[in-house]
Amino acid sequence: MKTLLLGMGNPILCDDAVGVRLAQDFKKKLNQKPDLDIVEECSVGGLNLLDLFKGYDRAIVLDSFHTTGGVPGDWYYFTASALCETIHLTNIHDTNFATALALGKTMGMALPELSNILIFGVEIKENTTFSESMSPELEESYPRYSSDILEEIEALLQSDVADAFPPRRASGCSSYYSAVRHSQS
Amino acid sequence: MTRTIKIDPITRLEGHGKIDIFLNDDGSVKDCFFQIPELRGFERFVVGRPIEELPRIVTRICGVCPASHHMASAKAVDGCFGNEVAPVAHKLRDMYYHAHFIHSHIAHFYALAAPDFVCGPDADPAVRNILGVVSKVGIEIGKQVIGARAMAQKIQQILGGRTTHLVWCLPGGVSKGLTKEELEEIKPMVKELSGFADFSLQLFRDVVLGNKAYVDLILHGPYTLDVQNMGLVDENNAPNFYDGNVRVVDFQGKEIVKYKPAEYFDHVAEHVESWTYLKFPYLKKRGWKGFKEGIDSSIYCATPLARLNVADRMATPRAQQAYEEMFATVGGHPCKALLANHWARLVEIVQNVEMLERYCADPEITSDKYRVVPKQITGTGIGIVEAMRGTLTHHYTCDKNGICTSANLIVGTTNNNAPIQMVTKKVAQALIAPGKEPGQAILNMIEMAFRAFDPCYSCATHSLPGEMPLDVHIYRGGELVRRIRR
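Chain order of the listed sequences is S and W. So the first sequence is residues 1 to 185, counted in our numbering. So the second sequence is residues 1 to 486, counted in our numbering.
Treat the hints with care, since some could be wrong.
[Stated by the list, open to error] Listed next, the in silico DSSO-like pairs over lysine-lysine satisfying Cα-Cα at most 30 Å (straight line):
hint, chain 1, residue 1, chain 2, residue 2
1, W, LYS91, W, LYS154
2, S, LYS125, W, LYS279
3, S, LYS27, S, LYS125
4, W, LYS176, S, LYS27
5, W, LYS136, S, LYS105
6, W, LYS212, W, LYS369
7, S, LYS54, W, LYS154
8, W, LYS436, W, LYS191
[Unchecked claim] Covered stretches of chain W (in silico footprint by chain S; criterion: 3 or more residues with CB under 8 Å from a CB of chain S, positions within the stretch not fixed):
hint, segment
9, 134-142
10, 148-161
[Stated by the list, open to error] Take a look, some chain S residues computed to stay more than 12 Å from chain W by CB distance:
hint, residue
11, PRO34
12, LEU36
13, ASN96
14, GLU140
15, SER141
16, ARG144
17, LEU150
Since the hints were derived computationally from the structure, they do not count as laboratory data. Just so you know, even glycine gets a beta-carbon here, dropped at the ideal spot from N, CA and C.
Could you build all of it, start to finish, from the sequences and the hints given here?
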C-alpha cells in the first residue's frame, strides 16, 4: 500500500509548525519503511492537495488543531470521511479539503479513499504570531504526544487495510468530526 | 435601543472572522463590522536576518499567494543591493508570475465564483460548490479545469523549481535560467492554456451574460461602491502585474495620481480602528475621511476590476478585445460593479496567456545571463507587485552588512479592507429592513460580497477543513433571539 506521510503547517508560525516538526522527526525513524514517502512540510490546501495525494493508496496527515477549550498537547485522529459534512462553498480562496478530494474522485484521479486518509491533529495554543519556537506548553508535552503518534503510525504502516483505524489508543470522542481525542490526563 | 446581529465562524477553527450587524429599533441596519484576524509579528520576525533571505522567508506568510510575496520581496531586496538586475531575470520572473496568475484565477473562478452563477446564488450550499458546477457543465469540462490548472502549475515548477515555497529569486536575478529543452516543454502547455482562456470567457458569456437575472445582480444589486481604483500599469497605462508604476483613478475615470513604487509612502497611509487589528489603507494626500463613498473619498479598491479600471488599455491584443467587450457590457469604463471582478479575472488570464506566448517566442528567454551579482548595499528597497487580490508592497531597510533593520508590508487584501467593510454593510442593508428578518440567504449574499475581492486570510489555507463557516447571531436588546448557522 503506497503511503504518503504529510506534515502540514507553517514552520515559522509558532505552534502551527507542530505537524512539520513531527514529520521531520518521524522521517528519521520511518525512512526505511517500504512504500512510504514523506513530505515534511506542506502549507497548501484545496486543489493543491490533489497534486500531492495523486497516486497514493493511503495518506497520513500530521497537522495542528485549535479548538475551543482544548488543551495544548492533546491530539485527535480521524479519517477524511469525517470531513464530508464540510463540502460546501465557504472557503475563502480555494476549495476545502473534502471538496478537493471529492472533485478529484469525480474526475477519475487516482486518490486514496477517504477512509484511507488518516489525520492526526495536535491541539495547539498559538498560531497567529510569527516565531520559530513553539509555545512552552506544546514544547513541554512534545516527547509524549510525538511518541504516542509515532507508535500509532508504525502500527498503521504494518497493516495494508484501513481497518487498522481507529488507533488502539482511542480514549474517547470529542464533538469535532467524531474525532478520537487522546488527552494528556 | 440597538439590536445586534452577529455572524461568527464556528469556533472549531479558532481565530477567524466575524461580522457584527447592529440594528436600529425599527429593524434597519445601523452599522456593520467585518473583523478578521491578522497574523502578527512578521515585520519584527525578519529584523536581524540577512536581507537576501527574506524572499525565501516571506513565502511562509501565506499558502495562497506565496509567489506574490516572493516577487515583491525579491524586488525590495534588489533595491537594497542597488537594483542591478539581469534583464532576462525580470523576464523570467514575469513569465513565472503570469503562470501563477493563471493558476490562481482558475481556482478562484471555477471553485468560488462559478458556483454562484452556474448553480445559482440561492442554490442549496450542499450543491453550490465546484462539484455542483461539474455536475451542471459536465465532467469533461471539469477535467479541462483541473488540467489547465495543473499546466499553469507545471510551468511555474519548470521555471522556478517549485510551485509554493520558491527559493528562486536572488538579489540581482534568479538562481536558475530556462533551458531550450524546458522552453519546448512549456510551449504546448501555453497553447493549451490559450484555448482554455477563450473557453472560460465563452462560458462566462453563456452562463452569466445569458441570464438576465445574473446581469441585473452584477450591475444593479447592492454590490457596487463609489470608491477609487488602484493598480500597477506599464508605460502605456496597460496592466502590469510584476512591475510598473502605481496608478490611482477615480470611479469616473479621472487619474488621481501615478507614482513610482519608491514613492508609495507619500501616497498611501493606513488608518487604525480600535475594533480590529487589520488596518485600513487610504489615499494619504486626501486624508482619512471614514468609510465614505464619493468622488472625494480616500478609499480605493485594489482588485482585478480595479486594475482594469486604472488601465487605458490591455497589454496584448486578445486581452484588449476581451477588455472592450467587458466594459461595453457593464456600461462603460471604469466599472463600479464589484461582481464584475469575476469577469475581470478572466480578462486578465487572457493577457497572462498572451504574455506567456510572447516570452516563449523571445530569443533572450533562454539566456544564461540570468543573474548579476550585487556589488553594493544601498540599504533601502521597495518592491511592489500586483498580487492576484491587490497591490502588494514590501519595504525593507538593511544596515551596511545587509542585515534587515526594518520591514513594512501592505498586502493585497489589506488594501481592500475598507471596501469590504463598506460593501458588507451595503448588502446587509439590502437584506435586512424593517419587518424583514434575515434568513439563510444572508450567509451567501454577504459571502458573495467579500468573495468578489478574493480576499486572502492565510490562516484558513492549510487548516482542516480549510473553510470559514458562518454563524449568524441576532440580538434584541442584547439578548440572543435567533441563530442561523451552517
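For each hint, the structure was consulted:
At most 30 Å may separate the alpha-carbon atoms for a hinted pair to count; LYS91 of chain W and LYS154 of chain W meet this at roughly 18 Å. With a CA separation close to 25 Å, the supplied pair LYS125 of chain S and LYS279 of chain W stays within the 30 Å bound. Between the alpha carbons of LYS27 of chain S and LYS125 of chain S the distance comes to roughly 25 Å, so the proposed pair stays at or under 30 Å and holds. The suggested pairing of LYS176 of chain W with LYS27 of chain S holds, with an alpha-carbon distance near 29 Å, which does not exceed 30 Å.
In summary, the hint linking LYS136 of chain W to LYS105 of chain S is supported, as the alpha carbons are separated by about 17 Å, within the 30 Å threshold. For the hint pairing LYS212 of chain W with LYS369 of chain W, the CA-to-CA distance comes to about 54 Å; that exceeds 30 Å, so the pair is violated. Of the pairs offered as hints, the one joining LYS54 of chain S and LYS154 of chain W holds, with about 15 Å between alpha carbons and a cut-off of 30 Å not exceeded. Of the supplied pair hints, the one linking LYS436 of chain W and LYS191 of chain W is violated, its CA atoms being roughly 52 Å apart against a limit of 30 Å.
Only residues whose C-beta sits within less than 8 Å of a C-beta in chain S count toward coverage, and the segment 134-142 of chain W has 3 of them, enough to reach three; the restraint holds. Proximity of the segment 148-161 of chain W to chain S, defined as three or more residues with a beta carbon under 8 Å from a beta carbon of that chain, is established by the 3 residues found. Its beta-carbon lying about 27 Å from the closest one in chain W, PRO34 of chain S satisfies the requirement of being farther than 12 Å from that chain. With a cut of 12 Å on Cβ distances, LEU36 of chain S stays outside the contact zone with chain W, its closest approach being about 22 Å.
Non-interface status of ASN96 of chain S relative to chain W is broken: a Cβ of that chain comes within 12 Å, the nearest being about 4 Å off. Consistency note on GLU140 of chain S: stated as away from chain W, and its beta-carbon is indeed over 12 Å from all of that chain's, at 21 Å minimum. The Cβ of SER141 of chain S lies farther than 12 Å from every Cβ of chain W, with a closest approach of about 19 Å, so its non-interface assignment holds. Non-interface status of ARG144 of chain S relative to chain W is upheld: no Cβ of that chain comes within 12 Å, the nearest being about 22 Å off.
For LEU150 of chain S, the non-interface assignment is confirmed: its Cβ lies about 20 Å from the closest Cβ of chain W, beyond the 12 Å cut-off.
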